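A.B. asks: Chain B: place on chain A using the hints.
Protein chains: 2
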Amino acid sequence: MTQITIIGVGLIGGSFALGLRAAGLNVHIVGAGRSERSLERAVERGIIDTWNTSLPESVEGSDIVLLATPVGAIDRVLQEISPALAPTTIVTDAGSVKQSVIDSARQWMQHFQNFVPAHPIAGTEHSGVEAGFATLYENKRLILTPMEETSVEAVDVVSELWRATGAKLEVMEPAHHDQVFAATSHLPHMLAFSLVETLHRMDQKSPLLHHTGGGFADYTRIASSDPVMWRDVCLYNQQALLEALSEFQNGLDTLVDAIDKKDGSALEQLFATAKETRDTKVLPADSVDKMVNDDKTTEV
Amino acid sequence: MTQITIIGVGLIGGSFALGLRAAGLNVHIVGAGRSERSLERAVERGIIDTWNTSLPESVEGSDIVLLATPVGAIDRVLQEISPALAPTTIVTDAGSVKQSVIDSARQWMQHFQNFVPAHPIAGTEHSGVEAGFATLYENKRLILTPMEETSVEAVDVVSELWRATGAKLEVMEPAHHDQVFAATSHLPHMLAFSLVETLHRMDQKSPLLHHTGGGFADYTRIASSDPVMWRDVCLYNQQALLEALSEFQNGLDTLVDAIDKKDGSALEQLFATAKETRDTKVLPADSVDKMVNDDKTTEV
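Read top to bottom, the protein sequences are chains A and B. Take the first sequence: its position 121, counting from 1, is numbered 121 in the numbering used here, and each next residue is one higher. Take the second sequence: its position 235, counting from 1, is numbered 235 in the numbering used here, and each next residue is one higher.
Same shape as in the complex, but just chain A (with noise of 0.2 Å):
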């Protein structure tokens, strides 16, 4: 039976394991992690078998190991589990930013062809080991940033159990995969938690949170994400946020500059150019997606 250890059993990690199961692999699954309770609570979720809160022992005897934490802790479990690995054991993680984690992977990994770096295009801004569920991978997108060192046979294996979980597969430059995401997932987030803290400063001066409805709510949805991954993201990917950052504020500069010089056909012409933008250009993954788009209002 192959023996699974996930390191960090929450939203990711979880939901890896219970998608697993969901495909009847025949697994043995290890849970590590920090909290015991949270452990405990997930042998009762029946998302692990057992569990270790010593990483290296974690570790011992296991086929795979997923690195499931935020991108910021995921030097340090390096660093420790690395004594403990067998020569064959396959490291996988599914961290949102994929050079720094390539980076302590080589720093610390005698057997690096064995790692294979991953990031699932997945999630909800719900975390920790109640929020795991089957079917969280299904027609997402799992994009892997192997490097020449890595092992073909490595690939394969992780490939296999996230085929397993739903996932639709695809393969990325790491450098490529940083500054893509920066653009299309962490600037987003980025403006999300703003806007919110933004409103919350506004709201304190006079009050205005209480007129906001499910319009505002689906749109900052993104701001209830886990506030450490994205500390993590922000700092692992600084450059390539920092310059998807300056793109925006030029951008946000250029429309205020419009509003307050009144120049109609200005911000007309950045509105239209923004609405063909995203009626042809972006697309919803997957027909679920799609569904889910199609049937849903927003407010104005």
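Accuracy of the hints is not assured; some may be wrong.
It does not matter which identical chain is meant; a pair holds if it fits inside one copy or across any two.
Lysine-lysine pairs mimicking BS3-like chemistry, simulated, CA-CA at most 30 Å apart [stated by the list, open to error]:
1. K205 with K281
2. K281 with K168
3. K261 with K205
4. K205 with K168
5. K262 with K168
By construction, these hints were calculated from the structure, which means they are not laboratory data. Keep in mind the model is a prediction, meaning the values are calculated, not measured.
C.D. replies: Relative to chain A, chain B alone:
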């Protein structure tokens, strides 16, 4: 039979008509607008009974006139129809900005007490005659911003119609309405438009839009809204929107500064404040929204 003229038979005006018909109200609805083809299509869809491209003629004999054009057209429409209004005709609107519309009504209407300013908090990213549907306003808020002079009877008549469409009524002071919606609705729309426009610019240097998926499509849905409507919101709610944008820019500057300095604790604090605010103070408008929200996953 009550005769209602709807000027602008798009998403907002069309859904109002369809909502009244679905509620079984015995009404004769006259459509008015510039495009004969759209008005003919509105007859085919059962939205209106007859139509007239002459605005003054379209209001003749009507008990109620709904102005459902973009905010920027309302001043001109009121100027044009005012001489043709009977002393008892009630005029109401559906604009996202209230103070400027009230100013226009005060300037042009001989019987200003018959003007009932209103704002339905509902919509989709679609626009035009095909976009309307009967249930758009069901369980959505309808905000009335009557003035001291406004006839109580006129408010009652307009309220009854909106209640028939399923809307929940609220009353606000016009200037307060414009400030609140600048922050909670107009600002988020500016950010969505600006984000998509930014990614469009970045995409031209190095393609990345094809990597966006359902989560990004979901987050940017409001950037597909009508460019003319939003141009007008910018022009007619300029001051309140500039203030909200300035507050946001200050907040974003703080965030960018923390990323630049790799200040992990400042970042975590900012995200935690946003998360707590969103989790505790931003609530879905109603249970229908809540159900949709709870079913929904978002990319991270």
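A.B. asks: Would you mind marking each hint as holding or not holding in the structure?
C.D. replies: Against the structure, the hints:
{"no.": "1", "hint": "K205 with K281", "result": "between (40 Å within a copy, 15 Å between copies)"}
{"no.": "2", "hint": "K281 with K168", "result": "within (20 Å within a copy, 36 Å between copies)"}
{"no.": "3", "hint": "K261 with K205", "result": "both (27 Å within a copy, 29 Å between copies)"}
{"no.": "4", "hint": "K205 with K168", "result": "between (47 Å within a copy, 27 Å between copies)"}
{"no.": "5", "hint": "K262 with K168", "result": "neither (47 Å within a copy, 34 Å between copies)"}
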